[in-house]
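Residues per chain are reported as follows:
2 protein chains.
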Amino acid sequence: MKKSYKELSPPQRILLGPGPSNVDPRVLKAMSMPLVGHLDPYFLEIMDEVMELLRYVFKTENRLTLPISGTGSAGMEACLVNLVGEGDEVVVGVNGFFGQRMSEIVKRCGGTPIEVKEPWGRALKAESVEKALANSNARVVAVVHAETSTGVLQPLKEISKLAKKYDALFLADTVTSLGGVDLKIDQYGVDISYSGSQKCLNCPPGLSPVTLNEKTVEFVKDREGKIQSWYLDLNLIEKYWEEGRVYHHTAPISMVYALREALRIVYEDGLEKRWAQHLKACDALIKGLNAMGLEILPTENNLPSLTAVKIPEGVTDINVRKTLLNDFNIEIGGGLGELKGKIWRTGLMGINACERNVILVLEALERALRKEGFPTKAGEGPAAAMEVFKE
Amino acid sequence: MKKSYKELSPPQRILLGPGPSNVDPRVLKAMSMPLVGHLDPYFLEIMDEVMELLRYVFKTENRLTLPISGTGSAGMEACLVNLVGEGDEVVVGVNGFFGQRMSEIVKRCGGTPIEVKEPWGRALKAESVEKALANSNARVVAVVHAETSTGVLQPLKEISKLAKKYDALFLADTVTSLGGVDLKIDQYGVDISYSGSQKCLNCPPGLSPVTLNEKTVEFVKDREGKIQSWYLDLNLIEKYWEEGRVYHHTAPISMVYALREALRIVYEDGLEKRWAQHLKACDALIKGLNAMGLEILPTENNLPSLTAVKIPEGVTDINVRKTLLNDFNIEIGGGLGELKGKIWRTGLMGINACERNVILVLEALERALRKEGFPTKAGEGPAAAMEVFKE
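In order, the protein sequence lines correspond to chains A and B.
Mapping of the first sequence onto this note's numbering: position 92 corresponds to residue 92, and the numbering continues sequentially without gaps.
Mapping of the second sequence onto this note's numbering: position 162 corresponds to residue 162, and the numbering continues sequentially without gaps.
Just so you know, these hints were derived from the structure itself, not from any lab.
Treat the hints with caution; some may be incorrect.
Repeated chains share a single entry, so a pair holds when one copy, or any two copies, can fit it.
[As the list claims (entries may be wrong)] Subject to a maximum C-alpha distance of 25 Å in a straight line, what follows is the list of computed DSS-like cross-link-like pairs (lysine-lysine):
id: 1; residue 1: Lys2; residue 2: Lys215
id: 2; residue 1: Lys226; residue 2: Lys117
id: 3; residue 1: Lys117; residue 2: Lys164
id: 4; residue 1: Lys215; residue 2: Lys273
id: 5; residue 1: Lys280; residue 2: Lys322
id: 6; residue 1: Lys107; residue 2: Lys226
id: 7; residue 1: Lys226; residue 2: Lys157
Next comes chain A alone, as it looks inside the complex:
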């Protein structure tokens, strides 16, 4: 007998991990609108609006600001593959999983990463970056603004100044900051950046917003040899998104619909208001965690959109996450790489950065920890968090 496949019926999760985050129903609705062609006059208008709205959330005037047709990781590869060729040195900040990934991609582009390291959970030091720049021929410096693997927010301004001083382009990974955390591409002197659709923007994963200034556009155009990726060649992608509208690949229409709606919501809300909501929700979460006797990983520069919580000794990572998922329908994330089993990652991203979720995850965590024999006084975490929202 032929196997039968049931109608799709996903559980109603509250997604408080490292991403994807929950998607606003307005975005789901926009995504399910009927398709038009990828060169339809209506779609061309939508593309223009998406570029405008992306400029708004990136706080940039960069003409070339558009979504790459792949996830955030495709955006990372797109930026690096357009900047880095055979033999090129690149200063890469490695203080977490995603910095490591950038370093790996630099190698695959034929480049040599000059790694500037800090322990996972710490921000990079500007003086280390300067040393690497002074002792190399690097023309690109790449750092992760919001390290999703450690919950660290990297200050950008100082490194940006150093990049200029040493005539290098400054690349920032803003996957987990865009739309939720203070980010001003132009003001902070970021030359090129990639992000993801599925974190603080509350759009499903599948697109990677990218922005680059004219200096970077020129750098890419003047590079020797062809970009080794055809799919991610920004010279070709530019011709489809900008004047000319030359066919490159078929744009993911529905995902672009979704991204437009997600951006429209941020635009209506106001970016600065969003940033403040993320700060407050994170502050409340941390106060709640501390009241329960839990510590967070970063000692400073913690990331408002994602909090790395140290797993207390004697508590089994997976048991707690299973209780959260099965009893509360809440997803939080485990650690990546060297932090596997050592931290949980709790994301409060976009519409998820609200009082309800903070209280809920603290309450759920408290119960799950008690099941594991970790002593928490009932209600102390949520109570401490609620104080923050009263302020």
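Assemble the complex: chain A is given as a structure, and chain B must be docked to it using the hints.
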């Protein structure tokens, strides 16, 4: 004053161009279901089902059969970048725009394309492929099964035998054939293939189903040096989709939901029934076009899912397409590359391969042509087409 962005409200197009095609409402509904995490137990089940259903539509037992997180063009790049490295020769069939693109990507992988050419609108000749194989060190032969730019269907069996004879892997682009046109990956001896979600599967663009047999998996694993793309490295992607479920990138959850539903529809309909519907619709379309005095480009091996219609002398390409779009909400495609301005491309893909659309596009074309001064007798095209459906 702040600019306001209107609610998304796309026109209701009938998409009879080269893709995307119209999407079944069931697929739009599935796509708009709430998200779960990319490592959620529920999503892991969905992934397994998507792989099973893809094996069904590809007619293969290949374990490694999964969607790449990008459009069909990303699938093309994924297959080539995993097979081709510095200095590798690849026999590439170039008889249209997409064959040309494969050749370009081979170069970007550091390889040397050995191009086997035919005029656009003709299928490749097996003897030319054999000559190229005999006179090169190529270990890969790449052809386009369904050339979307010319409406030619490439017979696969003979070339597949030649690939085996010369110990080369056989790669076929099945972007415009999968789910609509006779394709049996295992039986036809195709070693590796990529497709797109948005043509005969009626799923929005954004995913590229890929399948490869164990021989090809071994070939990729044994290759010297690292795959130059990290995002498209099948060794890494395999670990997420297969045993282990090791995080690589965040899967585009909603698109995977959509693809599952689209595949489920094909599975319920039956693949062979689909193929027959495409054949019949295409036959009717061509009979209608001929009755109106129009010719199609290929003299043989025409592709059931996409018909390339020669634009009659004295008729302006863009005027006709504008009439179709503005007066009838019908999209058809123009020519690509050297066929620009010389052909229209009419796709009848998946659910679009039906009597209603054939009649409608013929009727609309007739009126648009009359506006352009091209003499057609009212109703002759549709009448000839309807005869086919009566059979």
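Hints, verified against the model:
no. : hint            : verdict
1   : Lys2 / Lys215   : neither (59 Å within a copy, 29 Å between copies)
2   : Lys226 / Lys117 : between (31 Å within a copy, 24 Å between copies)
3   : Lys117 / Lys164 : within (21 Å within a copy, 49 Å between copies)
4   : Lys215 / Lys273 : neither (31 Å within a copy, 55 Å between copies)
5   : Lys280 / Lys322 : neither (27 Å within a copy, 52 Å between copies)
6   : Lys107 / Lys226 : both (17 Å within a copy, 9 Å between copies)
7   : Lys226 / Lys157 : neither (32 Å within a copy, 35 Å between copies)
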